[in-house]
Amino acid sequence: MDLATLLFWIIAIVLVGSALLVVGLRNIVHSALALVVVFAMAAGIYLLLNAEFIAIVQILIYAGAVTVLILFALMLTRTSNLSTNSNPNNKQWWLGAIISALVCVGIIAAVTLSQYSTARAGNAPYPAYAPSHSACILPPNNVAYIGQLLYSPTCYSYVLPFEIASLVLLVAIVGAIVIGRED
Amino acid sequence: MGLTLNHFLVLGAVLFCIGLYGALSKRNAVAVLMGIEIMLNAVNVTMVGFAFYNTVKPWSTYLTGQIFAIFIITVAAAEAAVALAMIISIYRKRNTVDVDEINMMKW
Numbered sequence: 017m018d019l020a021t022l023l024f025w026i027i028a029i030v031l032v033g034s035a036l037l038v039v040g041l042r043n044i045v046h047s048a049l050a051l052v053v054v055f056a057m058a059a060g061i062y063l064l065l066n067a068e069f070i071a072i073v074q075i076l077i078y079a080g081a082v083t084v085l086i087l088f089a090l091m092l093t094r095t096s097n098l099s100t101n102s103n104p105n106n107k108q109w110w111l112g113a114i115i116s117a118l119v120c121v122g123i124i125a126a127v128t129l130s131q132y133s134t135a136r137a138g139n140a141p142y143p144a145y146a147p148s149h150s151a152c153i154l155p156p157n158n159v160a161y162i163g164q165l166l167y168s169p170t171c172y173s174y175v176l177p178f179e180i181a182s183l184v185l186l187v188a189i190v191g192a193i194v195i196g197r198e199d
Numbered sequence: 040m041g042l043t044l045n046h047f048l049v050l051g052a053v054l055f056c057i058g059l060y061g062a063l064s065k066r067n068a069v070a071v072l073m074g075i076e077i078m079l080n081a082v083n084v085t086m087v088g089f090a091f092y093n094t095v096k097p098w099s100t101y102l103t104g105q106i107f108a109i110f111i112i113t114v115a116a117a118e119a120a121v122a123l124a125m126i127i128s129i130y131r132k133r134n135t136v137d138v139d140e141i142n143m144m145k146w
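Chains X and H are the protein sequences, given in the same order. Remember, the working numbering sits 16 above the position in the first sequence when you count from 1. Remember, the working numbering sits 39 above the position in the second sequence when you count from 1.
Excised from the complex, chain H in its bound form:
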């Protein structure tokens, strides 16, 4: 048995759901951000797997999956910088990073 595309898709799915659990169930805002980073990495694994096992066109004619992965990495870096700036700003104002206590928009 060799490696198939399904190996990488299932690995990406498992990793995505671990990150989803971390993003949904943590109280520290930085831990939520770590879960989001794991989810983005799972999507990247899936994208690069699709780019490698592309049988529709000749292999790496367009490498679209790898280009997608590069843009996802770019957006993830921007998202991490902005989110951590927001966390530090909230900590400076409220003296907490617990997402259960940050409820300024609660009606």
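One chain only, chain X, in its complex shape:
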């Protein structure tokens, strides 16, 4: 077992365990704090997959902004019994458990057992860093490459989806202000 496999198993166990704590804890503030561990461990998974930029973005946006946003919402919608049982299940929780277990078994069976699964396609564990055949220069690292993919007007890039994403963010900000203001 090499170091990457060992790190993967440690991160995966902590990730799944803290995700179970998020859905299982009785105090919702503790659930929100366990969510920070989920986000940080997901950033560790991204680092393991050579996605440094996404790992940093995960820490900044999820573990920073989204968690603070959720904690603010919990503070502003404070119910009476915050400490005892503020994260209750509804009456159909067993149905939700059955559905999610069926989805989990279905996805894992599709990944591992089916005719067109990726296990049968054969995956080389660490493919070589091959240069592309386009006219563009291959950037030296992950961050530069993602920047070229997002901004470059000449090479094959994602400029138009990037602009649409900025429009989505603008609409979301204006919508959140309009919905959330007092009138």
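Everything labelled a hint here was simulated from the structure, so no lab data went into it. There may be inaccurate statements among the hints.
[Said to hold, decoys possible] In silico DSS-like links for lysine-lysine, alpha-carbon gap of 30 angstroms or less:
no.: 1; chain 1: H; residue 1: 132; chain 2: H; residue 2: 145
no.: 2; chain 1: H; residue 1: 145; chain 2: X; residue 2: 107
no.: 3; chain 1: X; residue 1: 107; chain 2: H; residue 2: 132
[Claimed, not checked] Selected chain H positions facing chain X (in silico; Cβ < 10 angstroms):
no.: 4; residue: 46
no.: 5; residue: 64
no.: 6; residue: 112
C-beta atoms are modelled at their ideal positions from N, C-alpha and C, and glycine is treated no differently.
Given the coordinates of chain X, work out where chain H should sit on it, guided by the hints.
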């Protein structure tokens, strides 16, 4: 045994289903939102795994999975902001965040 793509796909599937259970079985609307965030993170793990184990084209020729993950993060941040604004607005009007009691559209 080294790491394969299936490790990350199964991890993403397990994480997705934990988030699905949280979104389906919680009464607090903020807890439902936390389940949705876990589901989006599971999809991101799957996307970045596909981008790393891409054997169809030379590795990171296009990095499409990582670009997908960035857009998913963007949309998730927008969704979290709008959803929390809606939760606060509903709390101001109805004085509750229990999704079992928010049934204005029930016929």
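Okay, the hints, checked on the actual structure:
Between residue 132(H) and residue 145(H) the alpha-carbon distance is near 17 angstroms, which keeps this suggested pair within the 30 angstroms criterion. Of the supplied pair hints, the one linking residue 145(H) and residue 107(X) holds, its CA atoms being roughly 17 angstroms apart against a limit of 30 angstroms. About 24 angstroms separates the Cα atoms of residue 107(X) and residue 132(H), which keeps this hinted pair within 30 angstroms; it holds. Here the hint on residue 46(H) is kept, as its CB sits about 6 angstroms from the closest CB of chain X, short of 10 angstroms.
Look at residue 64(H): its Cβ gets to within about 4 angstroms of chain X, closer than 10 angstroms, so that hint holds up. Evaluation of the residue 112(H) hint against chain X yields a held restraint, the C-beta minimum of about 6 angstroms falling below 10 angstroms.
Checked against the numbered hints given earlier, this structure breaks none of them.
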